[in-house]
Amino acid sequence: MNLSANPLLLRYRCSLLRPGQFWVNALVYGLVAGAILLLNGLLYGCTTTTYANAHELGAAIYVQFLILLAILLLVIGPVNTGNALQVEQAERSYDFFRLLPLSPADRAVGILIGRNLAMLPFAGLTTLLMVASGCVGGIAGLFQVQVLVALGSATAAANLAALLISQRQRLPRGPMKANQVNSLLSVIVLASVIAICAACVFAINQNAARIRFHFYALELPWLLVLAGLFLFAAAWSMTGVLRSFRVETGPLFTRPGAIAFLLGCLMICAGLFWSSFHDACPQDAGSILAGYVVVSCFPLLILLADASLSRQDYTDILAGELEPVTLAWVWSRSNVGFWLGCFAIWAGAFVAFGVTGQQGRFGVPLLLVCAVTGASFLFWAGLIELHILCAERNPKLTGLFTVLVAIQSALPLLLGGVLGSKSLVVFSPFGSLSLLAPDSGSVVSPALVLAAALLHFLLGVAVLIPLNREYRELARLPHRCRGA
Amino acid sequence: MDVSAVAAPPVLEVCGLRKAFGSLVAINDVSFSVRRGEVVGLIGPNGAGKTTLLRMLATLLRPTSGRAAILGNELGWGNLAIRRAVGYLPDFFNLYTDLTLRECLTFFGRAYGLPETTVTARVADMLAFVDLTDKGDVLIRHLSRGMVQRLGLAVQLVHDPGLLLLDEPASGLDPKARLQLRGLLKRLSLEGKTIVISSHILPELADFCSHVAILAAGRLRLFGRVDEVQQRLAGVRRVTVRILGDPRAASAVAEEVAGFRVVDVKPGALVAETKRGVESLAELNARLVSRGIAVVGLSEDTATLEELFMQISGQEGER
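Protein chains in written order, with my numbering: chain R, 1 to 484; chain A, 1 to 319.
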């Protein structure tokens, strides 16, 4: 890929690097960087209490430039990147952008680099200042490299995620609109950024360069584990960005892609929890397993929003079929069918993780949790699919379905709390996680849990009935279209 | 008529194109073809599907079914060859307001693959074509709406596309800007550009359209040369004969010519109708002259595009 030939870089260079703008940016940066150096220099020269020696001064400046760099790369960068398409839309030039005969990779690179052309020189300068102050502060070279690798991978992930979110925000689709889930992810990314900064400060102050993190049986520097996670996120974000530029409409994930993403996430999740779960005492193991459940549910949530066909997608797919399709054909390609398949993969991974991690101590409770959550998932999936197919006709369904899910999930918990009954709690899919507690067997009988699962299953079946009618209508669609 | 143009493969070939948005069918089984140098005016009432059709041809919308080919390239999602071959001007647009006109045109020229050695000259040509040379180094945000519209046209011409798709190019323009734009479009048609243009302001099409496509409720009601369509809609050929002397004598002679029916007689003129071809007009003229009637003028009355539009709209309203 020839960067200099990328016309988007030319376009952004013209608009962002005009001398007037560049010198204003340079002045602002100079004032901030100068203030950091000046204040710390004054504190070092004029007082004896703040910094005892040049090492402490260097380490402090290192942290401050690290925070400045993180702000440039992880806040300003993603804001610039994420605004690119919004600006095109606001200026009503988006059609021209879409029509440019550029490959998806050229578009992505053009925006990622082009939109940050005004920021990147200052990020480079900050890196140099940070490394120099790190050397003065006696911070180990290897640790500095690890910090830069983690920051670099976080930058890639944050900027690509920002671009992906801005692409998806154009498409109000899916159950929860994709941008709602993506907003949630943005909060997670932002929280990660803050955590990185805090962790770096902690690491430097506590000389924690030697802190290790377990990934399955491997013992790795924690910054490298973090970098690996960000690279995973960056790789999938890049895949999504390229697909969104190439296809523009339709779900973000293809179905094989969604399964690969889910498997990757589950493997990583298991790797992160494996060591602590394996070595945990019986009292703690249940909590760790519950933590695994919560974290590993996130990819499922993403797939619910971003791997779902809209009504328009169904219409387009069915119109492509030359022969009339059957109801079974629609069911086999439906969102509900696919989501249930994803849940089966998740449940399989959960059971395998729980059984192997504690030498079979968790067996029946795992299956009971799967039964309750699986039946609940059927209910949720049915409602979400019904929403996808019917919300256009009746937007009020969103409120109704949200209330239904809230009641189904929270009411047993509330009643359990009010009446002091642990048995009632398992009627909530979230409450069913209490079955993983060491003493749960003596409080809740398996028969009661199975009754809870049956109740959720019946609710799910009740939702599938109107859904079946919608699918039947879709199955008739190609006939009608051709005749029209 | 340019025989080579007829023999050449069509620039645009549309076959059974269809677009459904859920249960709403916006474009239904539309088929037509456009040859090099033809200028097709796309007319129809609001919601007829004109914009949807143009956006599909520009690869901005994916057809539900059917096919289309532009310069031999099958319409496909994100087909870069088609995007290079087409210039598309949306109905309401703006350009990068933080660029100058020259920077903007250079950007589009480079993006569409013009060699660096020729892009500067091409940009200058385009600025001159749309009469904006003196504004070349002005930021786009300082242009008037009419100038932006002309610049938009220049942007779509900078890579010399084989097919130009223009969606309501004169909407929102004041009369002066509209006249300027019409002048540019006329020049393009004279230069042999292949253009598909939709517009509500029909007089601006009438001047330079060779063909007309009439869309209503997503279906292509009529497509053909303007005169053919006019006749097909009217069903008969209507001719006004201006004469010297008694028009009743002339009327009697005209009635003798096979297929002619006199529908109006007024001082110095008569109006007759026939379902026969254009040669019948020559026959009528010859017969009148041979009977000693002084014919000073014979003209065929054709429906304007506006009348066609109203006719189709009226039919849709009755439906």
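Calculated from the structure, these hints are not laboratory results. A virtual CB, placed ideally from N, CA and C, is assigned to each residue, including glycine. A portion of the hints provided could be inaccurate.
[As the list claims (entries may be wrong)] Cβ-Cβ distance ranges computed for the label pairs, FRET-style: (1) A206/A with R469/R: 47 to 57 Å; (2) A124/A with G34/R: 43 to 53 Å; (3) F21/A with E321/R: 46 to 56 Å; (4) F21/A with D439/R: 49 to 59 Å; (5) T133/A with L322/R: 32 to 42 Å; (6) T254/R with G277/A: 53 to 63 Å; (7) V278/A with L322/R: 43 to 53 Å; (8) L24/A with S287/R: 47 to 57 Å; (9) E74/A with A410/R: 38 to 48 Å; (10) G136/A with G34/R: 32 to 42 Å; (11) A124/A with W23/R: 49 to 59 Å; (12) D125/A with E321/R: 14 to 24 Å; (13) T398/R with L24/A: 54 to 64 Å; (14) E74/A with T254/R: 19 to 29 Å.
Are E74/A and T254/R spaced within 19 to 29 Å by their CB atoms?
-> holds, 23 Å
S287/R and L24/A - C-beta distance against the hinted 47 to 57 Å | holds, 53 Å
Cβ distance range 32 to 42 Å for G136/A and G34/R, holds or violated | holds, 40 Å
Taking the CB of F21/A and the CB of D439/R, does the distance hold inside 49 to 59 Å?
-> Distance hint for F21/A, D439/R holds at roughly 57 Å.
Is it true that the C-beta distance of A206/A to R469/R lies inside 47 to 57 Å, as the hint says?
-> Distance hint for A206/A, R469/R holds at roughly 52 Å.
Beta-carbon spacing of E74/A to A410/R - inside the hinted bounds 38 to 48 Å or not = violated, 53 Å
Using the beta carbons of F21/A and E321/R, state whether their distance is inside 46 to 56 Å or not.
-> violated, 18 Å
Using the C-beta atoms of V278/A and L322/R, is the stated range 43 to 53 Å upheld?
-> holds, 45 Å
Do the beta carbons of A124/A and W23/R sit within 49 to 59 Å of each other?
-> Taking Cβ atoms as reference, A124/A and W23/R lie about 30 Å apart, which means the hint is violated.
Given a hinted range of 32 to 42 Å, is it respected by the beta-carbon distance of T133/A and L322/R?
-> violated, 55 Å
With respect to the beta-carbon atoms only, verify the hint that T254/R and G277/A lie 53 to 63 Å apart.
-> holds, 58 Å
That 54 to 64 Å hint for T398/R and L24/A (C-beta), does it hold up?
-> violated, 22 Å
Of the numbered hints stated above, those contradicted by the structure are hints 3, 5, 9, 11, 12, 13, listed in ascending order.
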